[in-house]
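Student: Next come the chains, spelled out residue by residue.
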Amino acid sequence: MLFKRNPNGLDLPFPSEITPREVYEGRRKFIAQVAATAAVGSSLWELANREAFAQAAPAAKLAAARNAGLSTTEKQTPFEDATHYNNFYEFGTDKSDPAQNAHTLHTRPWTVRIEGEVKKPLTLDIDQLTKLAPLEERIYRLRCVEGWSMVIPWVGYSLANLIKQVEPNGNAKYVEFTTLADKRQMPGVGSRVLEWPYVEGLRMDEAMHPLTLLTVGMYGQVLPNQNGAPVRIIVPWKYGFKSAKSIVRIRFVKDQPRTAWNGIAPEEYGFYSNVNPNVDHPRWSQASERRIGEGGFFAPKRKTLMFNGYDQVASLYSGMDLKKYF
Amino acid sequence: MTKNAPARPTVGPSPKQLAAIKTVLFVLALLPFARIVWLTVQQVPVDPVEFVTHGTGDWALYLLCATLTITPLRRFTGWNWLIRLRRMLGLYAFFYALMHFLTFLWADHRFDFGAMWKDVLKRPFITVGFICFVLLLPLAATSTNAMIKRLGRRWAQLHRLIYVIAPLAILHYWWMKAGKHNFEQPIVWGTVVAVLLGLRVYWSWSRKRSPATSRPVP
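Protein sequence lines correspond, in order, to chains W and H.
Sequential numbering from 1 applies to the first sequence in this note's numbering.
Sequential numbering from 1 applies to the second sequence in this note's numbering.
The following block holds chain H by itself, in its conformation from the complex (with noise of 0.2 angstroms):
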């Protein structure tokens, strides 16, 4: 696959297009968190802690997937402009974890961070989770061009972070469906994230086997 890597494509969508997709995008994303907060609002859901909780985490899940096919999905059609959307996939990534992370502080602890800590230390599966929502701090706070440029090749690096918190962000569904013994979404998803995970293992080592024709893989 490797040695047939389709070439650059010179064409793409024209900079006035990537804007509609982008916005396009941008609303797609933000639809989910726009019906947890109407329904929740509408008090339609019966149990709506456990329903705002469920839907920020699943979906923070969700987007972290979509961030990590940008790569595979640039290299298996050639459209590298694909790379102009993963940003915006992974801040909102972020943004699910970060609502997930506050439905916990404030509907479980009442933005109690003692209480919060003790749950966290506690909890092997909150542990967890909060390792990630920790991890993604970083990642979100380089996502701009100014960070970008200024942390050059250091940047790439810090954001292969997202190859540990993805793992451990399915660790952390695991662990919390165990409690009902329910695995059914978390293999799933496991099975997604080991796929796009895969991906890079197998290319990194083809590449390793044949430098000649050896391309970074963001």
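Chain W on its own, in the form it takes in the complex (with noise of 0.2 angstroms):
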């Protein structure tokens, strides 16, 4: 079972990981459906058909005050583009997946267990979550690892408000997000790119930084599937993939967690990966970058900002030396 294996020595499913019955049956449907679609011999259709399930319901409105102060005026990324071009390895390894695959993913019911060396563990489900604090759009820059950015408005609320809640322990020394690891609707759980579920995490101190955003919606709206639905975390001073969908879990923990890309390519992914141009991934550079969306193939490149120009959060950093903690 999926569960037994869970290195974190969960010995019981998320509620969020059981398959509701509507799923289910839902999934028959859609079976029979491409079946059908098989026999017609048309491929055709059933892509149409698969298109028109990821984006059969309308999405849900949020509303929320934008916090200018902590918002770039940089033009954003068009919606079109920041929800057809996501990496969300649990859909699958092309970016162009998520947004295909990603519409299996239940959103509804779910919880998140906030637990670990905290006085007052919590579980919420989402619409306690949304509801914890005020939301607020941030207009945040996002750099990719790969060497691609985007500008995306977010809704959310830091962090810290929630952690505050739980009132974390002495021996709380970082945080650790688990995301969703069900095959039944993530049909890229199982490949052999990653190690399931997908873990991450920060020290308390990034965590409790108000930059860090515990986030709901994009663009207005709830968050679209293929962008981490429910639930995900933005650290806009990071690289992407630091910032984990779809969360289940939030730990409080005394040792550094063991993160998905970190514990299969350390030498490739560090811990803290903070956005810094002067560190380069060992098979391209990461001074500069491509804006998706501006200008096209013919486009120059961005140069990259250290901490992808979040400079409020340099003093986090003092004393490091940050081409070795990369």
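Treat each hint with caution, since some may be false.
[Said to hold, decoys possible] Facing chain W, according to a computed beta carbon distance under 7 angstroms, are these residues of chain H, among others:
1. 49
2. 121
3. 123
4. 140
[Unchecked claim] Partner residues aside, some chain W positions facing chain H, computed with beta carbon under 8 angstroms:
5. 59
6. 85
7. 148
8. 193
9. 194
10. 195
11. 264
12. 266
13. 283
14. 290
15. 292
16. 296
17. 297
18. 304
[What the hints assert, rightly or not] With beta-carbon atoms standing in for the labels, derived distance ranges:
19. H:78 to W:300: 47 to 57 angstroms
20. H:111 to W:321: 45 to 55 angstroms
21. H:39 to W:76: 20 to 30 angstroms
If you are wondering where the hints come from, they were derived from the structure by calculation, not from laboratory data.
Ideal Cβ positions, reconstructed from N, Cα and C, are used throughout, including at glycine.
Starting from the two chains in their separate frames, assemble the complex, guided by the hints.
Tutor: Given below as structure tokens:
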């Protein structure tokens, strides 16, 4: 069973890992549809159908006041690009895969367990979590470790709001985020590219920084599945993979957690992974980036900024050799 | 297999038919490039640089494999006329490799040769890809009838470089994909190249054992 292999020693499935009946039945219906389609012999129709599935329900609006102080005024990436060019390996390794496959993710009901080295562990459903603090819109730069970037208006609140509620004890040095890993909803889980579930982590001071956003929406609506619905983290001064998606557990721990990319390729992906133009990835330069949606093939690249331009986090790392702790 | 090698068939497509086959193949091999250019101009790919880089690189590899498939196909089917298609496939492999290289030079380095050279030296997967491209140059340059005549036996020797280029191309792909720990495609195409080259090794080995039935393997 999936949860028996959980390296974190969980002996029970998360409530959100249990596939609800209607998903099962929906899937049967979908399979029947595909079979019927195959019988007709029109793969095009199937594709169109899958697309329709992916975009069926109109996204619910999420009202949030813009936090102008923490927002960039740069041109926003088109919604279409931000939702069709995603790294979310639970739904496939191609960047077009999540938009095509993530419709099978069931984001309600959804609960998040907040536990570990805390005085008041909590289990919140997605509605409770969304209402825990006033929602803000924050327009952040997003820099992917692969060398491209976007500008996205996220909706959420500072993770610090949640952390204060659970009252971490003195042993809490790191925060570990665990993404759902359910093969039935996520066709990419089980591929050998990464260890599942996807785990990411932050040092406590990073997690408490006001820029670190517990995110439930983007572009004024709830998160699309392919962008990490229903709740994810956004850490704008770090490479995108540090910002865990579709979170089912937030755990406070004493030791630095074994995180997904760092665990599988420590030479290429550091635990900190702060955006840093002076530390190249072994396979490509990090000195510049392609801004998605900006001028196409002929657009000159932009210079990548230290901490992705979020200089206010520099003090978190004073005295640290960022070439060593990359 | 060598002992029962099919006899050279006396019939094949007529010159007219062969010309038609070549035309069709020419168009087919150009289609992927046309698609890449068309979609990029239409601004369909979200990240056009990645799209063009991957598309041209993938097709350089596919056509390299197609080129290497001609000889085994000839031997298995006895259709010796297939050899008449090999030069076009090889030149197309070079064409896609050239486009791949130009994309790297243009989109990644804005034609700054100094910056490109630094990148080539610094990153092993680029070093290997660059070596592949450089090794393809003399093969493309000597693909005319006049050069084949002029080089004689040495032409065949020179063009055995393809046996070095193909594994290096796989290594380039492998090391590139290692960055995201995603080896599915490199394993598939590595296997294809291994089988295609393995056949040559096997033939060469069995020819040595029974020199009587020897025949040149181009």
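Student: Take the C-beta atom of residue 39 (chain H) and the C-beta atom of residue 76 (chain W), compute their distance, and say whether it sits inside 20 to 30 angstroms.
Tutor: Distance hint for residue 39 (chain H), residue 76 (chain W) holds at roughly 24 angstroms.
Student: Quick one, is the residue 304 (chain W) hint okay against chain H at 8 angstroms, beta carbons?
Tutor: violated (14 angstroms)
Student: Identify whether the interface hint at residue 59 (chain W) stands, where standing means a beta carbon of chain H within less than 8 angstroms of its own.
Tutor: violated (19 angstroms)
Student: Just to be careful: measuring from the Cβ of residue 193 (chain W) to every Cβ in chain H, is the smallest value less than 8 angstroms?
Tutor: holds (5 angstroms)
Student: Under 7 angstroms is the threshold here; is the Cβ of residue 121 (chain H) close enough to any Cβ of chain W for the hint to stand?
Tutor: violated (13 angstroms)
Student: Per the CB criterion, is residue 264 (chain W) less than 8 angstroms away from chain H?
Tutor: holds (6 angstroms)
Student: Would the stated hint for residue 140 (chain H) survive a check requiring a Cβ distance to chain W of less than 7 angstroms?
Tutor: violated (25 angstroms)
Student: Does the closest beta carbon of chain H sit nearer than 8 angstroms to the beta carbon of residue 148 (chain W)?
Tutor: holds (6 angstroms)
Student: Taking the least C-beta to C-beta distance, is residue 290 (chain W) closer than 8 angstroms to chain H?
Tutor: Holds: closest Cβ of chain H sits about 6 angstroms from residue 290 (chain W), inside 8 angstroms.
Student: Is the interface hint for residue 292 (chain W) satisfied, with its Cβ closer than 8 angstroms to some Cβ of chain H?
Tutor: holds (6 angstroms)
Student: With 45 to 55 angstroms as the target window, see if residue 111 (chain H) and residue 321 (chain W) comply at their CB atoms.
Tutor: With Cβ atoms ~36 angstroms apart, the hint is violated.
Student: Can you verify the interface hint for residue 283 (chain W): is its Cβ closer than 8 angstroms to any Cβ in chain H?
Tutor: holds (4 angstroms)
Of the numbered hints stated above, those contradicted by the structure are hints 2, 4, 5, 10, 12, 18 and 20, listed in ascending order.
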